[in-house]
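A.B. asks: Chain by chain, the residues:
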Amino acid sequence: MLTITNLTKYYKKNVAVNHFDVDIKKGHIYGFIGPNGAGKTTFFKMLAGLAIPSEGEIMVSTGEKFEKYKMKMSFMIEAPYLYEKMTAFENMKIIGGIKGESDDSVLLDYLKIVKLDQTGKKKVKDFSLGMKQRLGIACALVGNPEIIVLDEPMNGVDPEGIVILREILLSLVEKRNVTLMISSHILSELYNLSTDFIFIRNGNIVKKMTKDALDRLTSGVIEIGTDDVGVFDFLVQQYGVDNVTQKESYIYLTQDKKNPTEISKELIEKGFTFTGIREQSVELETYYMREIVGGSHE
Amino acid sequence: MSKLWRVERYRFFKDCMIWIAVAVMLSVLLFLSTEDPEMLIGDNTLEGTITSTLKLANIFIALVVCVAVAVYIGREFKQKTICYEVMRGYGMWRIGFIKTLTCGFINAILLQLAIWIYVTSMDGKTNLFSFGRWCLMFLILCHICTCVTLYVILFRDGGIGGCLAFVRFTLFSVMGIFISEIILPDFAQDIYMAFSPMSQWNVVINVRDSIPMIYLVGVPVSFLLEYTLLLVMVQLVSKKKDF
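Quick note, the sequences are listed as chains L and D, same order.
Taken in order, the first sequence gives residues 3 to 300; the numbers are from the numbering used here.
Taken in order, the second sequence gives residues 358 to 600; the numbers are from the numbering used here.
It cannot be assumed that every hint is accurate.
Once the Cα atoms are required to be at most 30 Å apart in a straight line, the calculated DSSO-like pairs of lysine-lysine come out as [said to hold, decoys possible]:
id: 1; chain 1: L; residue 1: K124; chain 2: D; residue 2: K437
id: 2; chain 1: L; residue 1: K67; chain 2: D; residue 2: K598
id: 3; chain 1: L; residue 1: K70; chain 2: D; residue 2: K597
id: 4; chain 1: L; residue 1: K124; chain 2: D; residue 2: K598
id: 5; chain 1: D; residue 1: K597; chain 2: L; residue 2: K124
Reference excerpt, derived from the structure (chain L facing chain D, CB under 7 Å, subset only) [as the list claims (entries may be wrong)]:
id: 6; residue: A50
id: 7; residue: L52
id: 8; residue: I54
id: 9; residue: F68
id: 10; residue: K72
id: 11; residue: M73
id: 12; residue: I97
id: 13; residue: G102
id: 14; residue: G158
Source of the hints: derived by calculation from the structure; they are not laboratory data.
Positions of the beta carbon are idealized from the N, C-alpha and C atoms, including for glycine.
Produce the entire structure from the sequences given, and follow the hints as far as they go.
C.D. replies: The following block contains the structure:
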């Protein structure tokens with residue numbers, strides 16, 4: 003859909019975005035992860051036309067000009083931009099109107115999706131942060147965009163709201179094949195949503211990987227489910243007390259010399275019983291802290 | 358652009374700021390008409406009262422317009438709602454043009470209406486000013502309203518844009534008249550005055566004297582020149598400055 007090549011943004015001597023190369027494919031959900039100030043928002047702003055790129059280009063696979071293609075994109079960047087002295091519906095009417103949607107019933111449907119259809123004459127300035135966020139997302143949904151860019155859409159949203167948002171976004175991808183580009187600090191949610199991850203640090207793309215690739219990574223930790231009290235002592239004796247921890251009915255063994263099959267064989271030979279044994283995959287948060295944040299101290 | 362125009366009209370008429378501005382303008386006119394015209398212009402006829410009121414109202418028109426537009430457009434930059442139009446791919450010159458249709462032209466129509474209501478309420482008739490003078494008054498109001506809008510858009514700030522616009526249409530004009538009297542030859546001074554909205558207004562509302570030809574040219578030309586220049590600057594700045 004979009005090929006972003008060498009996209010760069012300088013602010014005087016600072017490089018906010020350093021030669022980003024990203025391929026955006028239809029129907030994918032791209033999770034952008036990075037610490038504050040990494041360059042995610044600046045990157046999104048360049049896509050939206052709110053920041054002028056210093057270098058680089060964005061090409062559309064259909065051959066049309068990106069400036070024209072932007073009409074098929076929707077953005078919510080930094081925070082929802084709303085008319086504070088107007089109601090939710092009036093905001094939808096204006097923002098929907100800018101995007102070419104003038105049918106009141108359609109605008110109401112979008113408000114129903116985010117559960118803001120009953121706000122009546124309440125002005126946006128009296129909305130909670132979560133309500134404003136949901137209204138911003140409703141505005142982003144208007145116009146049947148092909149690509150939706152959401153910069154930290156879950157900020158201030160309550161757990162129920164997060165679940166609703168996740169369902170809306172997944173349904174958009176599934177039913178309308180919409181492409182999403184999302185940044186968030188709630189890594190667990192980003193993991194549930196995304197098909198691809200792009201890790202950013204200090205204005206650079208550090209790593210790009212698919213969710214499948216992340217799931218295939220192993221952590222070097224073996225999880226053993228057991229109620230046999232002897233297993234813990236045995237493992238401590240074999241591998242050292244620093245490498246064995248227990249939490250309720252699970253023992254976690256950190257080592258990289260033997261695989262789960264070999265460990266299970268050891269336990270069986272010693273007559274220990276256990277309910278299950280597996281190698282833990284890397285959690286997104288663990289990977290991020292180890293590879294991205296940890297890398298900043300090198 | 359028609360979508361933008363429809364949305365802008367909807368927002369404009371929903372906002373109470375413009376109605377407050379019109380009400381304030383009408384109140385100012387009625388209040389000023391109680392000032393002693395004999396003292397001001399040596400003429401205590403009804404004609405004199407209306408003319409002196411409208412002369413005094415010149416500065417208030419600029420003030421009311423600057424404040425109203427600065428708040429109305431400035432809010433769009435503060436709340437960043439103007440970003441929706443930019444994200445949609447509309448160029449800043451197009452956005453500026455559409456906003457001048459509401460904050461500029463419609464505003465001018467409403468202010469003209471307030472003045473008309475004032476004149477007919479005082480006069481009981483509408484023939485104090487000829488059709489030509491009403492048209493020129495309208496053009497001067499358009500000049501002020503549209504250019505104030507563009508100043509705010511250019512500086513992307515209601516406070517700075519509004520203040521600068523007020524200085525330009527009041528202090529700058531008055532200072533310019535004094536300076537031109539000192540340094541410019543007569544013919545150049547006449548041209549300068551004919552291109553200054555403040556002196557244009559005073560000439561147009563003065564029904565005792567006919568309007569010199571230079572003002573008939575100066576009113577529309579000065580409006581078009583400043584409007585075009587500001588629109589071009591808005592577009593140029595948008596190519597250099599991020600939101």
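A.B. asks: If a hint holds in the structure, say so; if it does not, say that too.
C.D. replies: Hint-by-hint comparison with the structure:
For the proposed pair K124 (chain L) and K437 (chain D), the alpha carbon gap of about 21 Å is at most 30 Å, so the pair holds. This hinted pair checks out: K67 (chain L) and K598 (chain D) have alpha carbons roughly 22 Å apart, not beyond 30 Å. Between K70 (chain L) and K597 (chain D) the alpha-carbon distance is near 20 Å, which keeps this suggested pair within the 30 Å criterion. A threshold of 30 Å between alpha carbons decides the hint, and for K124 (chain L) with K598 (chain D) the separation of about 35 Å lies outside it, so the pair is violated.
Between K597 (chain D) and K124 (chain L), the direct Cα distance comes to roughly 39 Å. Violation of the 30 Å bound is thereby established for this hinted pair. Hint status for A50 (chain L): holds, given a least beta-carbon distance of 5 Å to chain D, under 7 Å. Taking 7 Å as the C-beta contact cut-off toward chain D, the hint placing L52 (chain L) at the interface holds, the least distance being around 4 Å. Interface restraint check: I54 (chain L) against chain D, minimum CB-CB distance 6 Å, threshold 7 Å, status holds.
For F68 (chain L), the interface hint is violated, the least distance from its beta-carbon to any beta-carbon of chain D being 9 Å, above 7 Å. Nearest Cβ of chain D to the Cβ of K72 (chain L): about 5 Å, under the 7 Å cut. The hint holds. Because the smallest distance between the Cβ of M73 (chain L) and any Cβ of chain D comes to about 6 Å, under 7 Å, the interface hint for this residue holds. Below 7 Å, beta-carbon pairs count as interface contacts, and I97 (chain L) has one with chain D at about 6 Å; its hint therefore holds.
Because the beta carbon of G102 (chain L) sits about 6 Å from the nearest beta carbon in chain D, less than 7 Å, this interface hint is met. At a threshold of 7 Å, the smallest CB-CB gap from G158 (chain L) to chain D is about 17 Å, leaving the interface hint violated.
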